[in-house]
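From first to last, the protein sequence lines are chains S and V.
Here this note's numbering is used: the first residue of the first sequence is 23, the next is one more, and so on.
Here this note's numbering is used: the first residue of the second sequence is 23, the next is one more, and so on.
If you are wondering where the hints come from, they were derived from the structure by calculation, not from laboratory data.
Treat the hints loosely; a few may be bogus.
Where chains are identical, the list cannot tell them apart; a pair therefore holds if satisfied intra-copy or between any two copies.
Unchecked claim - In silico DSSO-like links for lysine-lysine, alpha-carbon gap of 30 Å or less:
| id | residue 1 | residue 2 |
| --- | --- | --- |
| 1 | K71 | K83 |
| 2 | K248 | K118 |
| 3 | K255 | K78 |
| 4 | K118 | K83 |
| 5 | K211 | K118 |
| 6 | K71 | K118 |
| 7 | K78 | K118 |
| 8 | K83 | K248 |
Since the structure is predicted, the reported quantities are computational estimates derived from the model, not experimental observations.
2 protein chains.
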Amino acid sequence: MKVEQIMGGEVSRRGILKSAVTAAGVAALATGGFGLFSRAEAKGGPTEKWPWPYEKLDPEKTAELAYNEWYRVFCGNAVISSVFSQLREMVGEPYKSFPVDAFVFLEGGMVGWGTVCGSNAGANIVSNLIIGPRIAGPECENGAQIGADALQWYSETPLPSYTPKDPRVKIEIVKTTSESPLCHISVGKWMKKSGYAITSPERKDRCARVTASVAYHLVQDLNAWKDGTYKPKSTWKAVSNAGITAQQNCTECHGSNIPVPPSAKK
Amino acid sequence: MKVEQIMGGEVSRRGILKSAVTAAGVAALATGGFGLFSRAEAKGGPTEKWPWPYEKLDPEKTAELAYNEWYRVFCGNAVISSVFSQLREMVGEPYKSFPVDAFVFLEGGMVGWGTVCGSNAGANIVSNLIIGPRIAGPECENGAQIGADALQWYSETPLPSYTPKDPRVKIEIVKTTSESPLCHISVGKWMKKSGYAITSPERKDRCARVTASVAYHLVQDLNAWKDGTYKPKSTWKAVSNAGITAQQNCTECHGSNIPVPPSAKK
Numbered sequence: 023m024k025v026e027q028i029m030g031g032e033v034s035r036r037g038i039l040k041s042a043v044t045a046a047g048v049a050a051l052a053t054g055g056f057g058l059f060s061r062a063e064a065k066g067g068p069t070e071k072w073p074w075p076y077e078k079l080d081p082e083k084t085a086e087l088a089y090n091e092w093y094r095v096f097c098g099n100a101v102i103s104s105v106f107s108q109l110r111e112m113v114g115e116p117y118k119s120f121p122v123d124a125f126v127f128l129e130g131g132m133v134g135w136g137t138v139c140g141s142n143a144g145a146n147i148v149s150n151l152i153i154g155p156r157i158a159g160p161e162c163e164n165g166a167q168i169g170a171d172a173l174q175w176y177s178e179t180p181l182p183s184y185t186p187k188d189p190r191v192k193i194e195i196v197k198t199t200s201e202s203p204l205c206h207i208s209v210g211k212w213m214k215k216s217g218y219a220i221t222s223p224e225r226k227d228r229c230a231r232v233t234a235s236v237a238y239h240l241v242q243d244l245n246a247w248k249d250g251t252y253k254p255k256s257t258w259k260a261v262s263n264a265g266i267t268a269q270q271n272c273t274e275c276h277g278s279n280i281p282v283p284p285s286a287k288k
Numbered sequence: 023m024k025v026e027q028i029m030g031g032e033v034s035r036r037g038i039l040k041s042a043v044t045a046a047g048v049a050a051l052a053t054g055g056f057g058l059f060s061r062a063e064a065k066g067g068p069t070e071k072w073p074w075p076y077e078k079l080d081p082e083k084t085a086e087l088a089y090n091e092w093y094r095v096f097c098g099n100a101v102i103s104s105v106f107s108q109l110r111e112m113v114g115e116p117y118k119s120f121p122v123d124a125f126v127f128l129e130g131g132m133v134g135w136g137t138v139c140g141s142n143a144g145a146n147i148v149s150n151l152i153i154g155p156r157i158a159g160p161e162c163e164n165g166a167q168i169g170a171d172a173l174q175w176y177s178e179t180p181l182p183s184y185t186p187k188d189p190r191v192k193i194e195i196v197k198t199t200s201e202s203p204l205c206h207i208s209v210g211k212w213m214k215k216s217g218y219a220i221t222s223p224e225r226k227d228r229c230a231r232v233t234a235s236v237a238y239h240l241v242q243d244l245n246a247w248k249d250g251t252y253k254p255k256s257t258w259k260a261v262s263n264a265g266i267t268a269q270q271n272c273t274e275c276h277g278s279n280i281p282v283p284p285s286a287k288k
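Bound conformation, chain S alone:
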């Protein structure tokens, strides 16, 4: 159900809550991603030097790889594989030593529990592995930022946005906007609109195409970062904006009865 339906009128999907803006919260805006906490030092294993060497990739080629890899390792793993399989060839280490295929479990929003869509988790893993975590220094904060951008883009975009050159299911796939980075919401809205069951070939191909779409968008951002032209797009800072870790569209789940989080430090 959309925000507009729940509220019985037009409601801005973003920026509903501006409460609980504390001094700490404002300060947190200066850091990438979640940004609630102070910066610390990374411990420094051999692959914990960031950024990793990156060569620009072709978004379309990456999307095609992701689409086909979905049928082998599914959403999250396919996003990682689509990028890293190319970088293993072009760059070598540390990509060769990263155990990409351990991440099948991201399927179905993590072993089927419908939490974060695996393709979003995969995009975050890729951007943070390549660019680094925010604790590694200011030059690494775009890892988390590109990950946050992926979550927001996914939530706002009619998906799947990418159509494979030779799709396995030869139909035009219905597009839906999830308004959420969660698998359950994204798949559920698509199933409702399309009428296809979770076990149908059409639903599977839809998810393979969504995975390809996320990989395409991710590589666009990574290429811009490599060029020095990347600009952060996500402006959502949950802790300072909403007083709790959250999406920005509270009414989507809470209706009009949005709980007010405790705001004082107490």
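We have chain S; now place chain V onto it with these hints.
Positioned in the frame of chain S, the structure of chain V alone reads:
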């Protein structure tokens, strides 16, 4: 809000939906985790040979490490670090080459968006890295299974269940049962019951203790797996039980108005 409150009476939290059990769904029960898809071959990078060598760890020592690591790298990364820092010493590779500190972004349910609690994501990453993904063969399916067990245990357990030997915040921390693996729900229920704000030292210490609790439980399962005595505990198979990737307590978010997913292959 609890299921009981929404429904105005006592409702079983599990097994509400038994619809949409298809032949494919029943067959999927035979595989670990999500289990919707057919098995495929892993591609075989140098660290993609499973299981990785594992030595039994002390759950209490691991929990203490996770608690303290939370203050450096936060929930998801701290779970991974608490296990892998020990195995780097005891075993060496491939743990030394795994870029643990890239996973700070799991904080706050993934860059603050409140999706899956980072400690759950971290537990799944650890179990799947050590034991392997289900596509690597039947002997690797316990990787996803222990991950699923972590999600269910987290949802059902009053947390934090582990109290550090020397906690940074010297109070008894209120315990809450999230009924969900999601950060937003888990943190929100705790904030509501305790009255502490997201930015409070008490909330931070609560999350550090939850992280320690998850690490403790994870190592218990990994040790049992090493001993050959591990028994799967999670019985939730979303696709066959509910016809969609999902948690098992539909009423928690949907109230009594639970959508019926399309069930035919069409």
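Hint-by-hint comparison with the structure:
Taking the shortest alpha-carbon separations for K71 and K83, both the intra-copy value of 28 Å and the inter-copy value of 27 Å come in at or below 30 Å. For the identical chains of this complex, K248 and K118 are neighbours both inside a copy (20 Å) and across copies (27 Å), given an alpha-carbon limit of 30 Å. For the homomeric pair K255 and K78, the shortest alpha-carbon distance inside one copy (20 Å) is at most 30 Å, but the shortest distance between copies (44 Å) is not. Taking the closest pair of Cα atoms, K118 and K83 come within 30 Å of each other only inside a single copy of the chain (19 Å); across copies the shortest separation is 32 Å, beyond that limit.
Proximity of K211 and K118 under a CA criterion of 30 Å is satisfied in neither setting, with 37 Å inside one chain copy and 42 Å between copies. In this assembly of identical chains, the alpha carbons of K71 and K118 lie at most 30 Å apart whether taken from the same copy (16 Å) or from different copies (13 Å). Taking the shortest alpha-carbon separations for K78 and K118, both the intra-copy value of 17 Å and the inter-copy value of 28 Å come in at or below 30 Å. In this assembly of identical chains, K83 and K248 lie within 30 Å of each other by CA distance solely inside one copy; the values are 18 Å within and 41 Å between copies.
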